[in-house]
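Q: The residues making up each chain are set out below.
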Amino acid sequence: NAGVTQTPKFQVLKTGQSMTLQCAQDMNHNSMYWYRQDPGMGLRLIYYSASEGTTDKGEVPNGYNVSRLNKREFSLRLESAAPSQTSVYFCASSGTSGGDLVQYFGPGTRLTVT
Amino acid sequence: TQLLEQSPQFLSIQEGENLTVYCNSSSVFSSLQWYRQEPGEGPVLLVTVVTGGEVKKLKRLTFQFGDARKDSSLHITAAQPGDTGLYLCAGARTYKYIFGTGTRLKVLA
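In order, the protein sequences belong to chains S and F.
Take the first sequence: its letter number 8 is residue 8 in the working numbering, and every next letter is one higher.
Each number in the working numbering comes from the position in the second sequence (counting from 1) with 1000 added on.
Keep in mind that a hint or two might mislead.
[Claimed, not checked] Straight-line alpha carbon distances no greater than 27 angstroms define the calculated DSSO-like cross-link-like pairs of lysine-lysine that follow:
no.: 1; chain 1: F; residue 1: K1070; chain 2: S; residue 2: K57
no.: 2; chain 1: F; residue 1: K1096; chain 2: S; residue 2: K9
no.: 3; chain 1: F; residue 1: K1057; chain 2: F; residue 2: K1106
[Unchecked claim] Chain F side only, calculated, beta carbon under 7 angstroms to chain S, not exhaustive:
no.: 4; residue: P1043
no.: 5; residue: T1048
no.: 6; residue: G1052
no.: 7; residue: F1099
no.: 8; residue: G1102
Hints listed in this document are in silico derivations from the structure and should not be mistaken for laboratory results.
Note that this is a predicted model, so its numbers are computed, not measured.
Just so it is clear, CB atoms sit at the ideal spot from N, CA and C, and this is done for glycine as well.
With the sequences and hints as input, model every part of the structure.
A: Next comes the structure, spelled out in structure tokens:
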């Protein structure tokens, strides 16, 4: 049981390059999320998918696209990277466990855009 | 717009001391969660509180949800160096979570 996995763990891009961050969960959760974490800004929601086949914008969606490939996988794409997108990106999934709402995070992707 | 304010932002205390971290909002949430995050890792869920006035205990940690479900507190009794980390609260609202800016706790041996 791996929980939430993310690839890659580290990435350096040049301005204008594109890349896709991959995320997968094995907990059969319906909801999945992409966040970014910047110093002093906390975690900010980029996009989320409440269930397979649906995606919605979060607080900071500009410059990103997402795909909910199936129930397990939720990818985040940067079409044309900008230095402002330098951040740590976390994928998460959410469901219920023992009647409680739970959210589990992946280990993060550290992205630097030069 | 930051809907969840955490205080204090930073806290450095000696081992054995007690502390309280606050999470405040002007908005109502269906539930509220607390996480701890260590450097280089993702946040780890500590607890979810759902009912106004609810109190949950996790060993030396006590979590309380405000009666109006707008605020919450985390109290640590007899802090230990292993409690060091970034504590985050998150309010849930219709499939989305709003995170506070965090409280960075350092417990000195």
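Q: Is the interface hint satisfied for T1048(F)? The criterion is a beta-carbon contact with chain S at less than 7 angstroms.
A: For T1048(F), the interface hint holds, since the closest Cβ of chain S sits about 5 angstroms away, which is under 7 angstroms.
Q: Interface hint check: P1043(F), Cβ to nearest Cβ on chain S, cutoff 7 angstroms. Holds or violated?
A: Status holds, d = 5 angstroms.
Q: Once the shortest beta carbon distance from F1099(F) to chain S is found, is it less than 7 angstroms?
A: This interface hint holds because 4 angstroms falls under the 7 angstroms limit.
Q: Should the interface hint for G1102(F) be scored as holding, given a Cβ-Cβ cut-off of 7 angstroms against chain S?
A: holds, 6 angstroms
Q: Has the given pair, K1096(F) with K9(S), been kept, meaning a C-alpha gap of at most 27 angstroms?
A: At roughly 25 angstroms apart (the allowed maximum being 27 angstroms), K9(S) and K1096(F) satisfy the hint.
Q: Are the Cα positions of K1057(F) and K1106(F) separated by 27 angstroms at most?
A: Within the cut-off at roughly 21 angstroms; holds.
Q: Does K57(S) sit within 27 angstroms of K1070(F), going by the straight-line distance between their CA atoms?
A: Given pair K1070(F), K57(S) holds - Cα atoms ~24 angstroms apart, limit 27 angstroms.
Q: Please check whether G1052(F) passes as an interface residue: C-beta within 7 angstroms of a C-beta belonging to chain S.
A: violated, 16 angstroms
Hint 6 from the list above is the single one not met by this structure.
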